[in-house]
Amino acid sequence: MNTGIVFDIREFTVHDGPGIRTTVFMKGCPLRCSWCHNPEGISPKPQIMKGLAGERLVGKEYTSDELAGLLNRQAEILRANEGGVTFSGGEPLLQAEFVAEVIDQLDDIHVLLDTSGFSSKENFRLLAGRCNLVFFDIKLIDREAHRHYTGQYNDPILRNLRVLSEMGTPFVVRVPLVPGVTDTKQNLEDIAKTVHGLPGLIRVDLLPYNKAAGGKYSACGMEFEPNYIENSELNADPEPFKIQGIEVKVV
Amino acid sequence: MNERLEEMRRRVRDREHKRFRQAAPPDISEECAAEGLSWMQRIARLACRMCEAEIPVIEPDERIVFTRTLPKLSAVFTPDEWEEIKSGRTVHAWDMINNICADWGMVLSQGLLGRKQAAIEAKERFKDDPESVEFLDCAIETIDAVLDLAKRYAAKALEVGREDLADILEHVPANPPRTFHEALQSLRFCHAALWLSSHYHVGLGRLDQYLLPYLQADIESGRLDEQSAEELLAEFFISLNKDADIYPGALQGDNGQTIVLGGVKRDGTDAVNELTWMALRAARDISMIDPKINLRISSKTDLDLLCLATELTRKGLGFPQYANDDVVIPALVAHGYELEDARDYSVAACWEFVIPGKGMEIVNIAVCSFPHAADAAIREGLAAGDDFNGIMKRTAEHINQQIENNLRPSYALKLPPGPFYSVLMDGCIENGRDLSKGLKYNNFGVHGACSASAADALAAVKKFVFEEKTIEPAELLKALEANYEGYEELRKKLAEEAPKVGNNDDAADEILVKLFDYFADACEAFGENGRGGIVRPGSGSAMFYVTLASRIGATAEGRKSGEYFSANLAPAPGTRIRGPISVFQSYSKIDYQRICNGGPITMELSDTVFRDEESIQKVAMLVRTFAQLGCQQLQLNSLNAQTLLDAKANPEKYKNLIVRVWGWSGYFCELDPPYQDHVIQRHLYATSN
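Protein sequence lines correspond, in order, to chains A and B.
Start counting the first sequence at 141; every next residue gets the next number (the numbering used here).
Start counting the second sequence at 0; every next residue gets the next number (the numbering used here).
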C-alpha cells in the first residue's frame, strides 16, 4: 500500500470546483513559480511552520486507505450536494500512484484534479483517467519564459494538455494572472490559440493576481522574492478567448 | 431600499433621535411606598406613570411611530424596601418577567379594547377573589395607560398635520387592525409598552405567521402592493433599532428583539409564506442588528429560501440563526409539550425554544460548567488512581452536584408580577391569574457550557494516560498545577496530538455525547422545578466561555489558565479542524431529543465564500446539510474586518481562522502582518457594500 504526504485537508472549498467539496492538498511540487502562494506545498517533506499562533508541523503521512476512509465518511454529503473531492497541491501528480490508489477506494465520489500538468505522460494518464473533471493550469506558452518563472520548461505540460483532450476527460484551463508575466496580451492570445478547439475543454478561468501571494513565506522560513512588479496594473481582459469563441470567466 | 428609508436608517445609526430623550424618568418608588401598594399594583403604576411621562415624537417622514424618550425606568421599591424583599429570597436576573414570547396574533386580532373587555368580564366572574380582582384591575389600568399614550400620539399627529397617522393611531392598538400598516403600528406600540413596563428581552415571535392575514387582506383588496408592504415592514424593522441602546442586556445589543420565521404551522403544514421572504429581504436590505432573525428550517426546506437567508448571513450580522424543526419539535414533545404547541415554537433572546403566549419559562436560569466538572474529575481521579471509567463516573457526579447546587435555590422560585404582559398571554385575563403564577408551560432551562473543551480534556487523558500510557498521572497533575510552566512539550502533546471535538473523531465525540447524557440525566434527576415544570438541558455558553476561563486553572486539553473555552457548540479555540462538514458530523452525534433547550453550533465563514451566486448556493446547501444531519441549531457568521482586526491583535484566539486568498486558503495567523492588513482591507471593502 502506498503512503502519501498531505499538507492540508479542507472542507467546503467553494472555489475548488462544483458543489460542496473537500480539497486534499498534496505536498511537493516540481515547479518553482515565483508567485507561488502555497510555499508549504513545495517541499515533499513535512516541515515546521512558524506563525503568530505558534509552530506546527505541516505535512502528514497517510496510507491510501486511511485517506480514502476519511473522505468516504463524507461521501453521502458530497454526493447530495453536487460536489466531491478535489486533489490539489503542491502537485498531486508528484504522488500519482498514491492518489490513484486513494481514488480507487473512494465510494462513488466526484473527483477533480487541480494540476499544473507537469509530470510524465504515464502519471498524468494514471490520475486524469480516474477523475471526473480536471482543472489544468497553463501559465506561459513561451518555453524560455516558462523556465525563467517556474524553473521548468513547459513541454510536458503542453504534451499532457493534448493527452488530456484525447482522453475525453472534461477540463477547465486555469490561468493565474501575474502582472507583467502571464497577463500579457501575447501570452493570453497564445494560450487561447493553444486551447482553441481542444475536445473536452469546458472553459477558461482567469485568476487575477492577489497581493497576499507571499503571505506564508516567512512562516515557512523562506523568502518571497517575486521577479515581477506586484503592484503593476493587471490585465484581466478575456477578449483573446472570446475572439476564439472560448467560454471564459474571470474568477 | 428607497431614499426615505435610507434617510431614516441614517438617522437611527447616527442616533439623532437621542435628542428627544428626557433627562430622567419620574421616580415613583416613594409614592408606591407611601400608598402602600402591592408589588402587582406597583408594576401597574410603573406602566402607567412611564406611559404618561412619554412625550410623543412624530418625525415628518415616519409612517410607523413611537420613539422612546425615557432613558430608563423608575424603580418601584425604595432602596430600603428592596433590601428587605431580596433578603432570604432568590431573585432571578433583574427580577422582572423577561425572555418569553407574547401571543402577538391574539393581541392584534382582539385589540387592547378587546382585551380590556375580557378583563371586565373576568372581573365579574372572579369578583369574590380579591387577588384576581387586584390583578384584573391592574391589567385594565395598564391597558388604559397604553391607550392613553396612543391617544396622545394621535393628537400629536393632528397637531403636525398628519391626518393619515392620526386616523391609524385613533384606531390601533385599541381595535383590531384594519390594514397591514395598522398591524405594524399596533405591534410597535404594544411591544414598546412592554419595555416601558420594565420587561426586557421582549421577543416578537412568529411575525410571518401572525401578520400574514393583514398582509393578505390588503393585497387581495388592492389596498397595498408587495413593494409598499415591504417598505412598511422595513420601516418597522428600522424603528426597532431606535431604542435598542437603552434596553438592558448582558452586553450592548443583547436585547432579545428576536423574530422567528418559517417552520410549520400548528397543523404541521409548511408555514413559509410571502411574508417569510419579505422579512428576510427587508432584514437583508436594512442590515441593522435588530430585529434578530431566526429561521426555522428542516431537511426539506426550499434551497431558494436558504439562498435568500444566506444573502442575509453575508451581511455579517450573525443572523439568521437556524433551528431545525426535524429535531426541535419531537424534542419538545418528548419534554411534555403538546404537538400543536411544539410546532408553534418561537425562540427566546438567544437560543431557547419557547411557546408564544403559553410559556412562562425561565430558559436560562443557571449554567452547568462542563470544564469545572471534567477538571475536578480528572484531578481527583488521577490522584486517587482511578481508571478512565472512574474519571467519567466522577464527571457525572460533579455534573449532578452542579445541577443540584445551582438549581435548588431556584426551586419554586417566585416571580414578580407582570399585569400588562399578562394581557398579551393566553388565558391570564380569562383565568384571573397573573402570568407570574404560571402558564401552560413552566419549565426551567439550564445550559451546559463549554462542552468541547471539557470533552477534549477527557479525551486527552484517556488517550495518553490510559490507552498509550505515555503520560504518568502524577506528571499530568504536576503540569496542571504548574499551569504548564516547564511542561511545554507535554502541553503541546495534549493540545495537538489528542483527539478533538469538531473533526468527526469518535474518540473525542463519544465523550462529548456522554457529557450531554450525564447532563440530561442530572436534569431529569432534579425532577419537578417547584413551578409545575421540569428542567430542560441546553448547549449554549452565553458569556461563560470567557468568564469561566479565569475561574479554572490549566486544563488537560493543553489549555493554560485564563485561556478561553469553546463557545456554544464549537470546537475549542485553537483546534485545527478540516471544516464545517466534520463539525456538523461531530455535533450530529448529540442526542438532541434530550438536549432541548437550544444552543447553536457556532461557525464563521470567510466573507469571500459569499462572493457570487454560485457560492451563495453552496452555503445554502451547507445549511441544508446541517439540517439533514439532524443537528439542532446553527449560528453562521460571515467573517468581517472586525474579527480580523481582533485576530491580528490576539492571534492565539484565532488559530483556526481561515481566509481565502485568490485560489487558496491560508490560516490568517500565518500571514505576515502586511498581508494581514491587506486581507483586512479587502474584508472592510467587501462588508461595506
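Hints may contain errors.
[To be verified] Label-pair distances were calculated between CB atoms; the ranges are:
(1) 267(B) / 340(A): 43 to 53 angstroms
(2) 206(A) / 469(B): 32 to 42 angstroms
(3) 267(B) / 310(A): 40 to 50 angstroms
(4) 467(B) / 284(A): 22 to 32 angstroms
(5) 284(A) / 559(B): 51 to 61 angstroms
(6) 363(A) / 5(B): 26 to 36 angstroms
By construction, these hints were calculated from the structure, which means they are not laboratory data.
Backbone N, C-alpha and C define an ideal beta-carbon position, used for all residues, glycine too.
Tested hints:
1. 267(B) / 340(A): 43 to 53 angstroms: holds (50 angstroms)
2. 206(A) / 469(B): 32 to 42 angstroms: violated (21 angstroms)
3. 267(B) / 310(A): 40 to 50 angstroms: holds (45 angstroms)
4. 467(B) / 284(A): 22 to 32 angstroms: Once the Cβ atoms are compared, 55 angstroms apart, the range 22 to 32 angstroms for residue 284(A) and residue 467(B) is violated.
5. 284(A) / 559(B): 51 to 61 angstroms: Between residue 284(A) and residue 559(B), where Cβ atoms are some 55 angstroms apart, the hint holds.
6. 363(A) / 5(B): 26 to 36 angstroms: The hinted range 26 to 36 angstroms is violated for residue 363(A) and residue 5(B), with Cβ atoms some 49 angstroms apart.
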